[in-house]
Amino acid sequence: MTRLLTAQPALTNAEDVLAEDSKGRRKLLLQIAVVAAIVIASLWMTGMLDRSRLANGLPAIGILGTEMFPPDFGRWRDWVGPLVETLAMSVAGTALAVALSLPLGFLAARNTSPNKVVYQVARVVLNTLRSIPELIMGIIFVAAVGFGMLPGVLALGLHSVGMVGKFFAEAIEHAHPAPIEATEASGATSMQVILHGVLPQVFPQFADVSMYRWEYNFRASTVMGMVGAGGIGTELVGSLRLLDYPQVSAVLLVILACVTVVDILSNMLRAKFR
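Under the working numbering, think of the first position of the sequence shown as 1, with each following residue one higher.
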């Protein structure tokens, strides 16, 4: 009799576990079905499921691809200056983004923000800057300060603040509380807590985010030339307007080579900061 009484709860617990597992599986399947339905609806709305349209468009893309080869590097000397401008824009824009993101990141983190109002205002600022595409910002700054690299730097830098500041804030929020509490217990000021309790923990993440953003800004700076912000994008747009597709492919290959070099340099710098 005693054995039956002790076996009954064990059996009940096993049934509960199986029932909970079955419920979890059904919930997971429902979530997968909802995501799949959203993806299929999006593909249908955007024309990705229109087989006739895709069948007619793919040959045209193939013809355009054949017109782009072989690449024409005849004007490569004229591209050196714009490439240097593109690199300068990416470095300056990233530096501006990091400089503005550092204070905003600490204000937008729950564990370092002075109060909830400042926290919410900082989050709204980051969301606003992140929601405006850099191309739109480029057009606005070209109209405000004229053509050249300056509007490109401002557009890349301010747009990057929205994303870099968000990552900085999240890294700060995930900092281990023990060093922070120890610094506070020693009687340190708020600035000293940030410098000695928070910053040493999050510096490697800050460096990683900054390097990744530099890679992104170099690619994005090639687009800035399309709105008159200088750089290699100006040469690309000029070739496209002239329908000089061999030169377009040459410029794209040059951009690809430069992006690869920037990626290698970024990886080297990230390795040094770790």
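For the record, the hints were derived by calculation from the structure and aren't laboratory data.
A hint or two may mislead.
[As the list claims (entries may be wrong)] Computed cross-link-like contacts, DMTMM-like style, restricted to lysine to aspartate or glutamate with a CA-CA straight-line distance of at most 25 Å:
#1 Lys27 x Glu15
#2 Lys166 x Asp244
#3 Lys27 x Asp16
#4 Lys116 x Glu181
#5 Lys272 x Asp244
#6 Lys272 x Glu184
#7 Lys116 x Asp208
#8 Lys166 x Asp263
#9 Lys272 x Glu170
Of all the hints given earlier, name the ones this structure violates by number, lowest first. 2, 5, 6 and 7
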